[in-house]
Amino acid sequence: MPEARVGKEAPDFKSAAYIRGKGFKEVKLSDYRGKWLVLCFYPGDFTFV
Amino acid sequence: MYPELKKLGVDVLSVSTDSKFSHKIWDETELEKMVEGGIPFPMLSDQGGQIGTLYGVYDEDSGTELRGRFIMDPDGVIQAMEVLTPPVGRNTEELLRQVQAFQLVRESGGKEATPSGWTPGEPTLKPSPSMVGKVWEVWKP
Numbered sequence: 001m002p003e004a005r006v007g008k009e010a011p012d013f014k015s016a017a018y019i020r021g022k023g024f025k026e027v028k029l030s031d032y033r034g035k036w037l038v039l040c041f042y043p044g045d046f047t048f049v
Numbered sequence: 050m051y052p053e054l055k056k057l058g059v060d061v062l063s064v065s066t067d068s069k070f071s072h073k074i075w076d077e078t079e080l081e082k083m084v085e086g087g088i089p090f091p092m093l094s095d096q097g098g099q100i101g102t103l104y105g106v107y108d109e110d111s112g113t114e115l116r117g118r119f120i121m122d123p124d125g126v127i128q129a130m131e132v133l134t135p136p137v138g139r140n141t142e143e144l145l146r147q148v149q150a151f152q153l154v155r156e157s158g159g160k161e162a163t164p165s166g167w168t169p170g171e172p173t174l175k176p177s178p179s180m181v182g183k184v185w186e187v188w189k190p
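So the protein sequences, as listed, match chains A and B.
Note that the numbering used here gives residue 2 to position 2 of the first sequence, counting from 1, and the numbers run on in steps of one.
To convert, count from 1 in the second sequence and add 49; that's the numbering used here.
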């Protein structure tokens, strides 16, 4: 069930990530508390739009 | 667009169902040819689509994420979301405009609001009982 709604706290998650210059790290949404954040989903690497 | 967001103190995370290894190769073989220095923000791997499901942007049929974009404030509250089907790309100008509007509203402690089509530098609205019926005096689209 989707939980994300405007005006509500964003559902927390953690994820494997690639960070240029730092390699592979785990990223938690809660690490960004206190900052403005844009979270962007996209269909796939090597696509064109 | 990233430098403009950075200037506004905004961090960025991207998410797809690709592996972190795929992200690295894409960044190193293609993206760094398009963006000087490559991708400057973390690229998250959501294999299985759990995060996308949580945010309502995972498409089970294709096993990929839709183009979902969420703006979160420093309290971790989602202030805006936009979801597009895959063939249409986003407009980063509109993202910047929304971020600036939400930042202004937050800095005003909720005393100001931005009217339809507002862009930075234009007058804001200061909602109050005395303003009811008089918005036309301060805002002419």
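The set of hints was computed from the structure by calculation and includes no laboratory data.
One thing to keep in mind: the hints can contain errors.
[Claimed, not checked] Under 7 angstroms between C-beta atoms, here's a sample of chain A residues computed to sit facing chain B:
id: 1; residue: A10
id: 2; residue: F13
id: 3; residue: K14
id: 4; residue: A17
id: 5; residue: G34
id: 6; residue: V38
id: 7; residue: C40
id: 8; residue: F46
Beta carbons are placed, not taken as given, at the ideal position from N, Cα and C, and that holds for glycine.
Against the structure, the hints come out as follows:
With a cut of 7 angstroms, the hint placing A10 (chain A) at the interface with chain B holds, because the nearest CB-to-CB distance is about 5 angstroms. The closest approach between the C-beta of F13 (chain A) and any C-beta of chain B is roughly 5 angstroms, which is under the 7 angstroms cut-off, so the hint is satisfied. For K14 (chain A), the suggested interface contact is broken, since its CB lies about 9 angstroms from the closest CB of chain B, more than 7 angstroms. For the restraint placing A17 (chain A) at the interface with chain B, the shortest Cβ-Cβ distance is roughly 4 angstroms, inside the 7 angstroms limit, so the hint holds.
Annotation: G34 (chain A) was flagged as interfacial toward chain B, and the flag holds, the nearest CB pair being 5 angstroms apart, inside 7 angstroms. At about 5 angstroms, the closest approach between the beta carbon of V38 (chain A) and any beta carbon in chain B falls short of 7 angstroms, and the interface hint on this residue holds. For C40 (chain A), the shortest C-beta to C-beta distance to chain B is roughly 5 angstroms, which falls under 7 angstroms, so the interface hint holds. Interface restraint check for F46 (chain A): the shortest CB-CB distance to chain B comes to about 6 angstroms, inside 7 angstroms, so the restraint holds.
Going through the hint list in order, the structure does not satisfy hint 3, though it satisfies all others.
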